[in-house]
Structures are given as structure tokens and as C-alpha cells.
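The number in the working numbering is simply the position in the sequence shown, starting from 1, with 374 added.
Take the hints with a grain of salt, since some may be wrong.
Computed Cβ-Cβ distance ranges for the label pairs, DEER-style [said to hold, decoys possible]: (1) Glu-433 <-> Ile-543: 34 to 42 Å; (2) Met-630 <-> Gln-457: 43 to 51 Å; (3) Pro-582 <-> Leu-631: 26 to 34 Å; (4) Cys-402 <-> Arg-573: 20 to 28 Å; (5) Gly-638 <-> Thr-571: 33 to 41 Å; (6) Leu-534 <-> Thr-431: 25 to 33 Å; (7) Phe-584 <-> Ala-409: 43 to 51 Å; (8) Ile-543 <-> Lys-581: 44 to 52 Å; (9) Val-427 <-> Val-405: 18 to 26 Å; (10) Arg-573 <-> Tyr-410: 47 to 55 Å; (11) Leu-631 <-> Ala-611: 17 to 25 Å.
Derived from the structure by calculation, the hints contain no laboratory data.
Because the structure is a prediction, the values reported are computed rather than measured.
Even for Gly, the Cβ is constructed at its ideal location relative to N, Cα and C.
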Amino acid sequence: MKGKVNIWETHSSTILSITLVMFLLGLCLLVEYHAYRATHDMQERITFKVDLVPDITDEDAQALKAEIEAMPQVKHVDYISRQEAADLFTEELEEDFVGFIGYNPLYPSMMVNLRAEMLPKYGSTASQLEIDLFTQEVKGLVYVTNVTYQENVVGALNDLFYKLTWFMIVFMAILLLVSFLMIGSTISIALFAQRETIRTMQLVGAKPGFIARPFLGRSLWYGICGALIALVALAIATGVFNQSFEGFELLRKDHMLWYAGIAGVIIVIGMVISYLSTLFAVNRYLRRTEK
């Protein structure tokens with residue numbers, strides 16, 4: 375076709391727009407993923423305190439610990455004897471309160487951490503029911519007097535993650551819309567630049583699908599190129615952030631599979647958004663010129 379568009383010259387703005395949008399989209403996905411992981415980890419640090427009778431023996435306590443650990447909801451259990459509780463309290467007070475009052479008033483207890491998937495999700499009554507059933511089951515065990523946990527902390531974490539997720543969804547939708555419009559405008563300019571060639575093809579009976587095929591084929595390459603450039607920029611940004619801020623382990627091995635999934639999503643979205651916006655622009659232009 376005469377006047378064929380060069381991907382690196384005339385349509386460099388298309389690739390650039392896809393790159394910028396895919397970079398921002400990738401950042402949003404990374405933030406969402408790490409927000410989920412952080413919320414997951416914090417939820418599993420929430421402790422359910424199981425109070426025990428004061429005269430429980432170590433043998434009975436270990437048997438009870440094993441019984442609680444066998445529950446499917448439980449991730450980890452720590453047993454704190456009366457003496458260990460007194461030692462911890464003395465360390466915090468920096469004073470021997472047992473020697474001062476003449477006896478140890480503290481009871482033995484167990485600190486239970488549940489699996490994050492068992493904790494209540496935002497607006498989920500089913501998960502809250504699971505928590506209630508768990509606490510009632512543990513309260514029914516021998517030697518157990520009470521079970522308490524920080525319910526307000528669980529709710530606050532879920533509320534924060536829920537709001538962040540919806541903000542990210544809205545922001546990503548706006549990004550994709552902007553990308554769609556930008557790519558469509560660029561393709562319209564390219565079509566106008568080739569208006570004489572397109573008009574000649576229409577006059578000799580070329581079908582719209584035949585005319586649109588080269589543009590649609592190039593659009594897929596635009597999406598792939600833009601997404602790959604964005605992924606390189608994301609990898610560099612992640613590495614710099616990981617080295618610049620201590621405490622953020624963004625390059626752990628358990629993240630890599632998720633990073634690969636995010637990379638695949640970005641490439642697919644780049645191709646799809648480029649293809650659809652090109653298809654829309656080409657069809658609109660051809661309908662207008664056929665009148």
C-alpha cells in the first residue's frame with residue numbers, strides 16, 4: 375500500500391501513549407498486589423487470646439495446644455505459662471511485681487493466629503460467622519475460660535483494603551479510557567494522511583475489512599511494543615525502589631510468579647486496547663468516507 379506508515383516514526387506517538395498508560399496500569403496492579411499481601415500478612419498477625427484456667431498442668435496445656443493447632447482455621451499457636459506471662463510482664467514494667475505483691479496473679483494463655491482466608495472480609499457475614507463458630511468451639515474446650523481478639527483491627531484492615539481496591543479500579547478504568555481515545559486520535563490522523571490511497575481502494579471495490587487489515591495488524595504490534603517498554607520501565611523502577619527503601623522486599627522469590635502474571639496481563643491489555651481503539655477509529659473513518 376502506498377504511503378505505508380512506519381511504526382517507529384509516524385506512529386511513535388501511539389507506542390508512547392500505550393507505554394505511558396501500561397506503565398501506570400502496571401504500577402496500579404503492583405500497588406494493589408502488595409496492598410493485598412500486606413493486608414494478608416497483617417491479618418495473620420492478629421492474635422486470638424485464649425485464656426486458660428490457672429491450675430492447668432503443662433501436659434494438659436500441650437495437649438490442648440495440639441488440639442487447637444489441628445483445627446483447619448489455625449495457622450500458629452503459642453502457649454504462655456503463668457511463669458512466662460509473669461516474666462514478660464516484669465520485663466515490660468522493669469520491676470519484679472510478683473515479689474512485690476507476693477504471688478503471681480496472671481493466668482496461662484494461648485496466642486492463636488488464624489489463616490488470613492478465615493478472617494472476615496469487607497461486608498462478608500459468612501467469614502464473620504466462621505470467626506464466631508471458631509471462638510465458640512474453642513470456648514467449649516476443657517481448661518478454656520475465654521477467647522478474645524481485636525475485632526476493630528480486623529474491620530479496619532478490611533475497610534482500608536476495600537477502599538484502596540475501588541480507587542484502583544476507577545483509576546485504571548480512567549487510564550484505559552484515556553488510552554483508547556489517544557490511540558484512536560492517532561490512528562485517525564494516520565488514516566487521514568493516507569486518505570487518497572484509501573479512497574482509491576474503495577473505488578476499485580476493496581472491502582472495509584481488507585482496508586482495515588494492515589492497520590489492525592500493526593495495532594497489535596503497537597500494543598506489544600508499548601507493553602514491553604512499560605514492563606522494562608516497571609522492572610527498573612521496582613529495582614530502584616527496592617534498593618532505596620529498606621524494609622520493602624519487592625524482589626522476593628514468592629513475588630516472581632505474581633509479577634509474571636501481572637506482566638502477562640499488561641501485554642494482553644496493551645494489545646486489546648490498541649486493537650479495539652484502532653478498529654473503532656478505522657470503522658468510523660471508513661463509514662464517513664463511504665457516504
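Identify every previously stated hint that the structure contradicts and give their numbers, smallest first.
-> 1, 3, 4, 6, 8, 9
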